Structures are given as C-alpha cells and as structure tokens.
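Peer 1: In order, the protein sequence lines correspond to chains C and A.
The first sequence begins at 1 in this note's numbering and counts up by one.
The second sequence begins at 1 in this note's numbering and counts up by one.
Warning: the hint list may mix true and false statements.
Stated by the list, open to error - Here chain C is said to cover these stretches of chain A; the calculated rule only asks that three of the stretch's residues, wherever they fall, bring their Cβ under 8 Å from a Cβ of chain C:
1) 102 to 108
2) 135 to 144
3) 224 to 234
By construction, these hints were calculated from the structure, which means they are not laboratory data.
Every value quoted in this text rests on a predicted model; they were computed, and no experiment measured them.
All C-beta atoms in this analysis are idealised placements derived from N, C-alpha and C, irrespective of residue type, glycine included.
Listed below are the residues making up each chain.
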Amino acid sequence: MLVEARRNRGALRRVTGLARSTPGRLSLLALLLVVVSLLVGALTATSVQRRSDALEALADRSEPLAFAAQEVYRAMADADATASSAFLSGGVESAALRGRYEADVAKAAAALSAATSEITRSPELTEALSTLSGQLPVYTGLVETARAHNRQGNPVGAAYLREASALMQTRLLPAARELYGVETGKVMGDLEDAGSLPWLELLLGVLVLVVLVFAQRYLTRRTNRVLNPGLVVATALTAVSLLWVLAASLLVVYNASASKNEATLVDLLARARIATLTARGDETLTLVARGSGTTYEAEYVEADKVLDDLLGRVRVLNPTPPVLEAAEHHGRWREAHREVRRADDEGDYTAAVALALGRDGQGAATAFDALDSDLVEAIGAARAELTEGIGRARAALGGVVPAVVVLALLAAAASVFGLWQRLKEYR
Amino acid sequence: MRRLLAVLVVVLAAACAPVPSGAPPIGGGSPVPPRPAEAVELTEPPSTADVPPASCDPTASLRPTGPLPPPGQMPAGSTMAQIQARGRLVVGADQNSYLMGFRNPFSGELEGFDVDLAREVARAIFGDPGAIQFTVLTSEQRIPTLERHEVDIVVRTMTTTCERWQKVNFSTVYLQAGQRVLVPSNSDATGIESLGGKRVCATKGSSSLANVAAAASRPVPVSVTHWTDCLVMLQQGQVDAISTDDTILAGFAAQDPYTKVVGPQFAAEPYGMAIPKADEDFVRFVNALLERLRADGTWARIHQRWLGDPPAPPVAVYRD
Numbered sequence: 001m002l003v004e005a006r007r008n009r010g011a012l013r014r015v016t017g018l019a020r021s022t023p024g025r026l027s028l029l030a031l032l033l034v035v036v037s038l039l040v041g042a043l044t045a046t047s048v049q050r051r052s053d054a055l056e057a058l059a060d061r062s063e064p065l066a067f068a069a070q071e072v073y074r075a076m077a078d079a080d081a082t083a084s085s086a087f088l089s090g091g092v093e094s095a096a097l098r099g100r101y102e103a104d105v106a107k108a109a110a111a112l113s114a115a116t117s118e119i120t121r122s123p124e125l126t127e128a129l130s131t132l133s134g135q136l137p138v139y140t141g142l143v144e145t146a147r148a149h150n151r152q153g154n155p156v157g158a159a160y161l162r163e164a165s166a167l168m169q170t171r172l173l174p175a176a177r178e179l180y181g182v183e184t185g186k187v188m189g190d191l192e193d194a195g196s197l198p199w200l201e202l203l204l205g206v207l208v209l210v211v212l213v214f215a216q217r218y219l220t221r222r223t224n225r226v227l228n229p230g231l232v233v234a235t236a237l238t239a240v241s242l243l244w245v246l247a248a249s250l251l252v253v254y255n256a257s258a259s260k261n262e263a264t265l266v267d268l269l270a271r272a273r274i275a276t277l278t279a280r281g282d283e284t285l286t287l288v289a290r291g292s293g294t295t296y297e298a299e300y301v302e303a304d305k306v307l308d309d310l311l312g313r314v315r316v317l318n319p320t321p322p323v324l325e326a327a328e329h330h331g332r333w334r335e336a337h338r339e340v341r342r343a344d345d346e347g348d349y350t351a352a353v354a355l356a357l358g359r360d361g362q363g364a365a366t367a368f369d370a371l372d373s374d375l376v377e378a379i380g381a382a383r384a385e386l387t388e389g390i391g392r393a394r395a396a397l398g399g400v401v402p403a404v405v406v407l408a409l410l411a412a413a414a415s416v417f418g419l420w421q422r423l424k425e426y427r
Numbered sequence: 001m002r003r004l005l006a007v008l009v010v011v012l013a014a015a016c017a018p019v020p021s022g023a024p025p026i027g028g029g030s031p032v033p034p035r036p037a038e039a040v041e042l043t044e045p046p047s048t049a050d051v052p053p054a055s056c057d058p059t060a061s062l063r064p065t066g067p068l069p070p071p072g073q074m075p076a077g078s079t080m081a082q083i084q085a086r087g088r089l090v091v092g093a094d095q096n097s098y099l100m101g102f103r104n105p106f107s108g109e110l111e112g113f114d115v116d117l118a119r120e121v122a123r124a125i126f127g128d129p130g131a132i133q134f135t136v137l138t139s140e141q142r143i144p145t146l147e148r149h150e151v152d153i154v155v156r157t158m159t160t161t162c163e164r165w166q167k168v169n170f171s172t173v174y175l176q177a178g179q180r181v182l183v184p185s186n187s188d189a190t191g192i193e194s195l196g197g198k199r200v201c202a203t204k205g206s207s208s209l210a211n212v213a214a215a216a217s218r219p220v221p222v223s224v225t226h227w228t229d230c231l232v233m234l235q236q237g238q239v240d241a242i243s244t245d246d247t248i249l250a251g252f253a254a255q256d257p258y259t260k261v262v263g264p265q266f267a268a269e270p271y272g273m274a275i276p277k278a279d280e281d282f283v284r285f286v287n288a289l290l291e292r293l294r295a296d297g298t299w300a301r302i303h304q305r306w307l308g309d310p311p312a313p314p315v316a317v318y319r320d
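Throw the hints in and build the complete structure from the sequences for me.
Peer 2: As structure tokens, this is what we get:
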C-alpha cells in the first residue's frame, strides 16, 4: 500500500517536474500538437467519408429506387388506361395497344422487383409492396379473363374489365403512390443531408490552426525567435487541408442544391405524366360507360386540372423545348377532348369513339401520345441532370480523405521537427 | 422435490423455447379476392318508397288516342314534336344484359330485344331507326334520370310496379318476364326456397333485389351496380346464386354453360317502357306503336331474333 502510493507520487512528481522545466514543456507541446493534428485529421476524414458514403447511397440506391417506384406507378396507370382503350376499340384489340399493355406489365413487374429488393431499408413499405406484388398477378388475371370473354362475344368481359380497373384504382395505384412518395422523399432527404454546410470539418480545422498559432506565440516568447519553420510548415499544411475540405464541401453543397432542383423537376414531371395517364384512362372510361360515365368525366376534369398545374410549375422551373411542347400538346388534347365530349353529348357515339381513339391529326389519342412522349423526353433529360449533379458532387469529394490524412500526418511531423530544433538547444 | 422438478421443467422449457428470429416475416400471405366496384352484402332490406303505394294494376297504361301519325309529321306542340325537332330520341338502355340490352364486343354497338324495340320507337318518330342516342343506365339510375328529364324513354328490363307508377309512366307491357334463380350447374339448389342463408346477387335499385330480400327463406342479398357484375361474382365463387328475371338469367346461361336456371317463377315481372310523368301524350303514342308491333308481327320477329320462339304477345291493358 505504502510503496504503491509512494511510487504514484514519484510518477506525478516526474510529470510535474517535466512540466516545470522548459525542455519538458516543449516535449509536452510537441506531444499535444501531434495528438491534435492526428485526431482532427482522423475526425475530418471520417466526416468527409460519411458525406461521400451518403452521396454514394443516393446515387446507387435512393435515386434508382425512386425511379423504380415511379416506373411501377406509371406502368400500372398506363396498363389500366391501355386496357380500357383496347376494350373501347372493340372486337380484336390492335396489336399496338396490346403491345403497350404487355410492355407496361413487364415494366411494372421488373421495377417492382427492383423496389422490393431493398425492402429492409424501408420496413414501412412492407404492406404497400406486398399489395403491389400480390395484386398485380390478380389484376392481369382479370384482364385476361375479360379478353377471353370479349373474344367469345360475352358482355361479361366488360364486367371483368371493370373489376380489374376497380382493383387497380382502389388497391394497386394507392400502394404505388405510397411507394413513390416514400422513395422520392428519401432522395430529397439524402440530398438535403449531403448539401448541409460542413460545420464540423471547419470547426476542427480552425481548432488545429488556433492551437498551432498559440504554440508559435509560446515559442516566440520563450526563445526570442519570431518564427519556427516547423510550425510554419505545419500551419500551412493544416490551412491547405482546411481549404481543400472547404472547397470540396462547398462544391458538394452547390451540386446538391442544384440536384435538389432537378429532383423536384423529375418529381413534378413524373406526377404530370401520371396525371396524363389518369386523365386518359378517365376519358376512355367515360366512353366505355356510355352515358353513365359522369363520375369518370369529373375525374378527368380533376386530373386535367392537376396536369395543368404541374405543367405550369415545370414551365417556370425549366422552360426547355420538350416542356414547352408538352404544354402545347396538352392544349391540343384539351381541344380534342372537348370535341369528343361534344360528339358524345350530341348523341354521336361512334364519332366520339373515333375521335377519342383517332390517331389522325385531330384525334385525342394523337395529342395524348405526343404529350406523353414529350414528358418522357423531359423526364429523361431531368433525370440525366440529376444523376450528373450527384456524380459531380461525388467527384468533388474524390481524394479528399487521403489528402486530409496525409496532410495531418505531415503537419504532425513538421510540428515535431520544429520543436525538436528548439529542444536540441537544451542538450 | 416435486416443486424442484416443476422449476426444473420450467427452466428447461424456457431454455428450449425458440429464440425470436430477427428476420422480417413475409407479408401478404392471405389472398384478397377482387370484387366488383360497389358490391355490397345487404344486412337489411333495400329501402322502398316513403309513401306506401296505392293498390293499382301496374300493367294498365294510358289508351292510345288514335292511329299513329306518319313518321316525321308529329302533331305540333306534342312531346314527339319536340323530340323530332331535336333530331334524335334519347333512350335509357342497358349494355350489360345479354340478349336484352348489351354491348356487342365486336362492333361496340348496343344490341338486344330492348334495343330493337327502342329503335322501333325512333323509326315511328323519324322514319329512321338510327336517329337514337343511347344513355346507359344502371337499375338505380332509371327513375332519377327520368325525373330529371334527361332521357325521353327508358327501355331497360324495367318492371311496372305501383310504386314506380307514382314517379313515372309506363307503356303497356311489352314482355312478360318472371323472377327465377340461376345457380352453378353443380349446385343442389332447387329454387329461391332452398337458398336460405346463401348469398344471392341482384342489382341495386332493381325489383329483383327487393324480392330477394323479401323471400321467406331469408337469403343474404348482395347488391351490385351492373347485372354482369353478378355473373362475375358467381364465377368467382363470391355469391351462391343470382336471382332476377328469367330473360336476364337466360342471357347469363348463354354466356356460361356451367350454370342452370332453377325453380319456378316466384314473382311476375311485366316489362314496360318508362316515360317521364309529364309526357302522357308520348305514353299514348308508344302504346299505339306497341299495338301495331304486336299486330303486324314485328314484335314476334324481334322476340325470335333474341329470345327464341315467340309466345303470344302480352295483351295490352288500359286504365284510360
């Protein structure tokens, strides 16, 4: 007991003794500078790495998942609109419509499997995803039953199609909307995180600089030499590291906020496209219902209003040629729809159907197809911009982590070297 | 000692209990069958008229005032003259009752017994059976649409009842139907009396649904929007039977060979064309037309085309 206490006291005295003598103080200062440089270097490197990982997750997972979710939603809405169009055209459906329906189902299933593969990331989507993957085969089964009955001339085919459409509208599309909303929200959240200002890195860098400046002032007072070359080099290295991190982070912030605008644009365009498909589905269903379709027409008006609003917002954000053309084609479709309604209300059902399905200059189908392909083009361009922006942000962070580590090591070494020069004088 | 053993058993059981696994379960294991939109299992009988109907002869209609005016020359000031001025007859019809009023999937056109009769009305006014605009109505929409005067006439498997007479006018009876039951061909049911507790489908607002709800055997009525929704539910095993007029049931049986119509007619369903309450001149006009169609064999020809060998046409009854 007594021996141990004495030994402890001895150790304490040695350290305080060391701190009392100038060489001892210089050694402790060297130790402090090494620890601070290395610790701050490691912390800064970790923080930069975390930001870089977030960007990687955004590029490799969140954004592709959001796109997959958008495809699920879009393909399902399109399949439903196409199935009603094919029914309306009567008899044997056209190869083009059938092809479009099949492509939609294939696309929806593929996009769904992509969205489902990451289910552990979003447990809140379990129910929506299981509804989507469970009910999609039921939907296609009903559509095929409807087709089989249609081919035999049985009016019950129309009832199967109605049941399929009800399933789509009440179960599948709401689940797809939920999936899309959650995934798009994640992209926005990730961009928000990546675009935050690098306060921690800045604070740590400034801390090292302050410590270095204080060490320099201490040395100046003790040794009457204005500058210590080792500490000057260490200060310069730390400043370079800090500026590098700052510049790279600001580039990331800039690119992330630009990407956020692009992501908003992609979201608006995707919603516009879905509104287009909804309106088209309602337009055809109004005719399929033949006079008892006032609810469908009301839903068309609703979807058209949403579409108009979205296109207006897109036009303000990004007035590119496809967007301007989309607005023009939307106007043309509205006109064609008015013609369809006029013909139907005046009792000329055949003419109304011909106008709605017409692929010649004035038909609603022509304007709808043109609008849809404009939107596809605009979405493609906006998405390319978005992924490019994320890529630029990632590139800005390239090499920052090793640079920070190397510079911290060099700064530590330079500090030790500078203080060693002074320590030598006490030999 | 026994207590010690019990403790030992409990400890052992706890030790051997399965460790809760962290793996998420697979959701959506149980199937959710799709349903036609707005299909409802009724827990109480469908609401009927607020005013109890006065006892009447629902088959008796207004007597024609004379011979039919020639097509295209409707008497001035009459309802028919207004229709003629508009250029087309607006008809409430069905596109879901095979053989009566249905959409031909190949042509997209409406066809059937009711549709052919409606075309005869257009021919009598315009001389052209094509001067016609069809508005597809569900059973439930028929009377409100007539009351709002959005159609000139409804020719849609509509039973003349005293309750409905209070809101609309009917022509004389153009087809005598009766309510029966359609079941899958492997069913043991012999009629409405053996369907106690079973789900029986009919459309909302139809007299058939009211009759099912009132049946003594107490089946569970299931109401849908369109007649073909009943067939979908029967084929998907969601209802056990469909009960409505034998004319509509014949259309179902023609679309599905694995069904059969069973039991006797348990309610008479005389069909009349419904016309807005105000248009009495049009009712008399249509009755005059029906007299002619019965007499000149047109009725029999249309019956032959859709419903098979024609019986004697229903005898017109008038209340003057």
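Peer 1: Establish whether the coverage given for the stretch 135 to 144 of chain A by chain C is satisfied; the threshold is a Cβ-Cβ distance below 8 Å, and no fewer than three residues must meet it.
Peer 2: With 5 residues close enough to chain C, the hint holds.
Peer 1: Can you tell me if the stretch 102 to 108 of chain A counts as covered by chain C, using C-beta to C-beta distances under 8 Å and a minimum of three residues?
Peer 2: Since 7 is at least three, the answer is holds.
Peer 1: Against chain C, does the stretch 224 to 234 of chain A show at least 3 residues with beta-carbon separation below 8 Å?
Peer 2: holds (count 5)
Hint compliance for this structure: every hint is met.
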